[in-house]
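2 protein chains.
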Amino acid sequence: MINFSINKTLFLQALNATKRAIASKNAIPILSTVKIEVNAHDITLTGSNGQISIENTIPVSDENAGLLITSPGAVLLEANFFINIISSLPDLTLEFREIDHHQVVLTSGKSEITLKGKDVEQYPRLQEIATDNPLVLETKLLKSIISETAFAASLQESRPILTGVHITLNNKVFKAVATDSHRMSQRQVTLDNAASDFDVVIPSKSLREFAGVFTDDIETVEVFFSASQMLFRSEHISFYTRLLEGNYPDTDRLLVKTFETEVIFNTADLRSAMERAHLISNATQNGTVKLEIVDNSVSAHVNSPEVGKVNEELDTVSQSGSDLTISFNPTYLIEALKALKSEEVLIRFISPVRPFTLTPTDNKEDFVQLITPVRTN
Amino acid sequence: MINFSINKTLFLQALNATKRAIASKNAIPILSTVKIEVNAHDITLTGSNGQISIENTIPVSDENAGLLITSPGAVLLEANFFINIISSLPDLTLEFREIDHHQVVLTSGKSEITLKGKDVEQYPRLQEIATDNPLVLETKLLKSIISETAFAASLQESRPILTGVHITLNNKVFKAVATDSHRMSQRQVTLDNAASDFDVVIPSKSLREFAGVFTDDIETVEVFFSASQMLFRSEHISFYTRLLEGNYPDTDRLLVKTFETEVIFNTADLRSAMERAHLISNATQNGTVKLEIVDNSVSAHVNSPEVGKVNEELDTVSQSGSDLTISFNPTYLIEALKALKSEEVLIRFISPVRPFTLTPTDNKEDFVQLITPVRTN
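Protein chains in written order, with this note's numbering: chain G, 1 to 377; chain D, 1 to 377.
Quick caveat, the hints were computed from the structure, so don't treat them as lab data.
A portion of the hints provided could be inaccurate.
For identical chains, the list gives no copy identity; a pair is met inside one copy or between any two copies.
To be verified - Straight line, CA to CA, 25 Å or less: simulated DSS-like cross-link-like pairs of lysine-lysine:
hint, residue 1, residue 2
1, 143, 175
2, 118, 19
3, 172, 290
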């Protein structure tokens with residue numbers, strides 16, 4: 001039966017990272033537990049909500065862990081409750097000792113807490129993924145690609161495939177695309193290192209957990225695939241996510257090369273103007289903002305009969321092409337601008353009824369966003 | 001019709017302070033608005049939820065306000081919406097101009113926002129309070145008395161009078177008492193300055209807003225009473241609250257002078273032990289912690305059959321009197337200890353079925369708390 005002692009702070013960090021995969025209310029009650037497996041040389045904590053799973057390993061060799069393993073074993077403990085108990089312990093170290101009937105005795109300072117655990121045999125088995133021929137990616141780059149695309153995926157289950165991010169590796173070009181059919185975001189990057197080509201759709205919800213699981217001190221992650229799962233792995237953390245089944249729509253056909261009107265804005269200025277517009281447009285169902293590009297000026301207009309209206313002249317960095325009046329949901333433009341890290345943004349229009357394109361002014365090829373206008377009378 | 005310009009930041013501060021009295025959803029829809037009254041030399045913002053009302057005055061003489069009044073008047077604007085709009089404005093200053101039909105045009109930088117307002121005649125009239133013979137109190141002292149007592153008031157409407165804090169002034173002794181019938185907190189202070197005696201019950205909910213309304217730079221407040229209302233007033237802020245009707249129970253009879261057992265604890269240590277106990281006791285309905293005072297040791301015990309148990313030896317500073325075993329809800333002790341600012345706490349017991357008393361070790365008279373034990377078998 002398990003017996004080990006460990007530094008409280010480090011144990012808590014690992015538990016909290018694992019908890020990201022654990023839902024406090026799950027249709028499968030056993031998934032609200034954390035699995036604690038103690039081996040000869042390390043402890044592995046596992047959490048899963050059925051969609052994503054996280055395994056976190058603390059090795060005896062990690063000096064900060066102060067981990068001393070006296071006896072191995074495995075047990076399940078109610079995750080939230082266990083984490084609250086651990087963080088309340090009075091001393092810097094704790095002793096974890098299993099007694100009969102899967103009970104666990106935690107000793108720290110003068111405090112002794114006995115918790116009921118569950119038989120580890122009740123825990124579902126995670127699907128295995130072959131871990132040969134990894135694709136190695138910089139954690140920072142992957143986080144950035146996720147934050148540039150995942151927000152554009154659909155939140156609605158009416159077309160489940162659109163709740164995912166379409167990620168492909170094709171002849172060293174790593175490409176991520178998400179769309180909810182009103183807007184689209186596509187980010188690509190050419191990798192130096194070779195790996196087998198692939199084509200998967202990852203739930204955007206899973207990807208949004210990625211940044212929380214892999215902290216900035218983890219420089220690279222290895223990526224592995226099976227038919228139904230993906231695994232991101234660092235030295236001590238394995239992050240599994242299910243893949244979405246089905247064919248992702250062809251988004252390449254949406255990207256055009258010729259435009260009628262081009263305007264460059266300061267990203268922050270345009271965003272704050274759109275946030276004002278949104279406050280008023282939001283009062284009307286499907287409220288839109290109207291952008292008027294005339295001669296040498298651009299202005300934004302909102303009219304929500306119940307609450308009021310906005311008229312604002314927008315500063316531009318440069319402007320060229322035909323005059324144009326186009327209406328759209330300002331939320332899409334706000335979110336697109338949030339995803340842009342560049343100081344300036346190039347917006348290119350074709351017509352009032354065709355999607356318009358946003359790109360950073362310093363990279364018009366690798367990061368492209370589209371927003372579909374709303375037809376008004 | 002109103003016309004003024006003002007510094008955005010200062011206007012926003014005053015609006016946010018006023019908003020503390022405004023509920024976004026109120027049974028009386030007009031109370032979701034803020035009243036803006038512009039006079040020759042100042043602007044007064046008023047918010048109310050029917051229970052509390054706040055008036056905030058910005059004078060032309062306040063240089064930080066950059067207030068320039070061109071034309072006076074009054075209008076009502078949807079508070080939350082108006083505050084969001086003001087905080088989104090692009091420039092440091094804004095111009096506020098009323099046009100026809102209670103509409104307001106806000107101009108800031110190149111942005112022009114038109115909002116629908118309402119006729120000020122629709123706003124309820126706040127009851128007047130005679131403002132002669134004020135009781136002047138230090139803001140800091142009053143905030144401290146509120147935080148030491150208001151938490152002990154009842155949250156349940158079954159006995160409405162217990163949702164209030166009983167505040168009396170009797171021959172220069174200012175006393176605040178709150179109880180929910182399970183625990184009680186009494187704080188008193190002897191004032192230097194004279195004022196008429198009084199006896200009121202103020203809703204604890206109103207008092208909890210006090211600290212947010214009167215910031216730390218406001219040194220003193222004047223206090224005024226009418227039969228049904230109380231007014232706290234500083235130079236620019238008036239805070240009104242309704243009083244509770246009815247007789248407050250006699251709490252003086254609960255305070256006894258002789259005890260059987262006395263223990264002094266370090267406040268922080270005892271609190272963290274009780275927080276651990278609470279994690280486990282909380283898993284059982286009406287879960288309690290049992291304190292065992294035997295010979296020279298004090299220990300805490302919790303047993304929640306579903307989740308586990310806690311056994312903990314408690315460090316004490318000193319201990320005297322008879323042995324005793326007593327059970328109580330640890331939440332009450334945790335909240336009582338939170339309200340204590342002293343490093344050490346004196347706890348005095350009479351018997352397992354009589355309330356026990358908490359006082360700071362450095363002041364056993366002016367701040368007394370009682371907790372009623374739970375009878376167990």
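Verification of the hints:
1. Taking CA atoms no more than 25 Å apart as the test, residue 143 paired with residue 175 passes inside one copy only; the shortest distance there is 14 Å, against 58 Å between copies.
2. When the C-alpha separation of residue 118 and residue 19 is checked against a cutoff of 25 Å, the pair qualifies only within one copy, where the shortest distance is 17 Å, while the shortest distance between copies is 50 Å.
3. Neither within a single protomer nor between protomers do residue 172 and residue 290 lie at most 25 Å apart by alpha-carbon distance, with minima of 41 Å and 66 Å respectively.
In summary, the structure is inconsistent with hint 3 from the numbered list given earlier, while agreeing with all the others.
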